[in-house]
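Spelled out, the chains give:
Protein chains: 2
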Amino acid sequence: MKWVKDLKIGLLGLGTVGTGVYEIINHQKGNYFASSKERAIITKVLVNDINKSRSINIPPDLLTNDFNEILNDEDIQVVIAVMGGMEPEYSYMLAAMEKGKHVITANKAVVSEHMDILLKTAQSNNVSFLFEASVGGGVPIINSLNQTLRINEINEIKGILNGTTNFILSKMTYEGWDFDFTLKTAQKLGFAEADPTADVDGFDVSRKLSILSSMAFGAHINDDMIYKRGIRDVTRFDIDMFKNLGYVLKYLAHSKLENDTYYMTVEPILLTTKDLMSNVNEEFNIISINGNIIGELNFYGKGAGKDATANSVVGDLLYIINSEFKKIEIQLDKNLKNGGISGFKGNYYLRADVKDHDEFSLVLDIIDEYSIKKKMEFSGKKLYIITEEMNAETFNELAGKIKSANINNFYARIH
Amino acid sequence: MKWVKDLKIGLLGLGTVGTGVYEIINHQKGNYFASSKERAIITKVLVNDINKSRSINIPPDLLTNDFNEILNDEDIQVVIAVMGGMEPEYSYMLAAMEKGKHVITANKAVVSEHMDILLKTAQSNNVSFLFEASVGGGVPIINSLNQTLRINEINEIKGILNGTTNFILSKMTYEGWDFDFTLKTAQKLGFAEADPTADVDGFDVSRKLSILSSMAFGAHINDDMIYKRGIRDVTRFDIDMFKNLGYVLKYLAHSKLENDTYYMTVEPILLTTKDLMSNVNEEFNIISINGNIIGELNFYGKGAGKDATANSVVGDLLYIINSEFKKIEIQLDKNLKNGGISGFKGNYYLRADVKDHDEFSLVLDIIDEYSIKKKMEFSGKKLYIITEEMNAETFNELAGKIKSANINNFYARIH
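Top line first, the protein sequences correspond to chains A and B.
Numbers given in the working numbering equal positions in the first sequence, counted from 1, plus 734.
Numbers given in the working numbering equal positions in the second sequence, counted from 1, plus 734.
Wrong hints could be hidden among the right ones.
Put simply, identical chains are the same to the list, so a pair is met inside one copy or across any two.
Unchecked claim - DSSO-like, lysine-lysine: derived pairs with alpha carbons at most 27 Å apart:
hint	residue 1	residue 2
1	1008	977
2	977	905
3	1040	990
4	977	1040
5	905	1008
Derived from the structure by calculation, the hints contain no laboratory data.
Please build the complete structure, drawing on both the sequences and the hints.
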């Protein structure tokens, strides 16, 4: 019998994505090679607790709680890192690459924070560092962006990048639910975490926008450089207004590069019902990139979930197997300036809950300081206006003054 | 000085796409290699008339009207075939591969008719045969489908695949134009050919659906196996009705595989305004594929145009340069049955122009033969109905009887 050379894989983490990856590779018997004599096999799995009961049937001798068993196993050529959190996963990825192992990850926190060092470490050790599953779940955006960048300059990225907030806004829009009930339902269904901060306040989205924009613009832009504003303040009143006005509220990530300055924002945005993204609902994601030659491309698919995310991880594994690209050939060496949100402008919707005549006058005074009202209505102690076109920085200053006066409000730019 | 090894390319055709390819490669100085010492260079261009005046500045000594100058040039490793039409381009592609040259094409007619033989010829000569630009212009669907198929089974494909008809339907819907005026405008703008048959009667779309479905389902399904019905009969009355009913008319390609039977159709379809595809307008294309693991993926971009299509051609060139995949690893060896359109069903919209009481009664009699009317209205000699759910074959038989009676009509299934 001929000696069979298999590709041996160490899997870090057996949570939702790790379980999905294990299931796909085992179900397909690792049969990803031109020759049926070779297979991809997960030979070790790092877990916290070896004895924990699990939803899948996995041979106990595969499990280990010692990363060194994977790191020092010279037969393991690929490490799939799907633990989550910053450490120890970041250190494990670096250590694995320094030992000559290819690394695939779905960990957006680590990639957005350290992509520069991770890509350099891959390059200097001549291994692959691939992270398709870190943005957009099953949407093949990292690969598509990488391909498009070989021919195009990309100066704009837009997207709906978070399934939890898109689920919440879809249900509020089409089921008539309010924010708190929708969030609780999302938590019950497992779409939202017990602490929803990362999702509803924009931290998750800004990490994804950081990864995409860094690749596209050629400089490592950390997610703490990105302006982010959450969706907690939106009410049923607002959603009903948007319907009447012909708009749909979406939680949008948007970045632009103009000369050497980037502008980035993660905030609720009003889209017309004619906008492609206005029909992206529930847990689906969409990402739009704009190339100087190819024009606008959009990629749509499941932004999360075990199978879709695991599919992206296994897709990266196939790149390594086929030696299609050994590394993401992105240079992050440009010197760019952060222009904040000053590159964005538009008409604004603003709703303020005014308890009495004094608050009413105060809000009007603030508005008068800044802009001519385009349209204003007042009913049931709720004042709402649509402004003329304003710069995002200027409008945020205006809204800040209303907030400072302890007046409940919600606002969104019209795209 | 070190010897510089360049990648030499023969370009067949210098029409719109050929000019775009020439411009991109020259503008970027063929600088697609890791080492700046190597470049991709177009060294010969096949044209009909060497002396014709051209929109681009091209050295006259590159031009030839003899294909053998390219075929027998052993330095030429890649042939880019963008002439259009069936022959002689098909024979040229086969001959080039038999001489060990990689072939890239944008010619959907040749690919849909002969993909089986072309892929086999590539395989037996150990060269690449790539055709990203043959479907969806700048939309990277062939590569994405190829990648997705390595992990998934794909049993459904849907899409808006023709820019001309999508331009016509968009203008009729949003500008209030009628069919003839819109077609004439599209012709003036260069979006539509003088003879619009290939576009408005579905031949162009069915070739693209043939290519995608053959890849996805694993059998060569020639485009003449696909049911196709054009958009010539749609009127302003219909478009206004769709608006009132909350639908948007799109020219949709749709294929499904169930067990060993495929169902394929190219026809006008009514989408609700909540459907992602209802917001795909003008010259844009969208393609949806459904994988058993990854779920639904959608790809959106410019479906035609010099730069977008040329971008896809150059993208294929980069695959060859990076040796990322030497061939599309698609097997077309399955034995499948053609189920026609019997796999599709839905409610139908039907409008019939009835000149007098006799025609009115005749149409009602035909309808009564088949189905219970869900909703019916009659005004200004126009009768329109929305049927209950019906099988596509059954409804087409009904519509055929109305057509046979020489009664003008238009119908579309509601998706």
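Which of the numbered hints above does this structure break? 4
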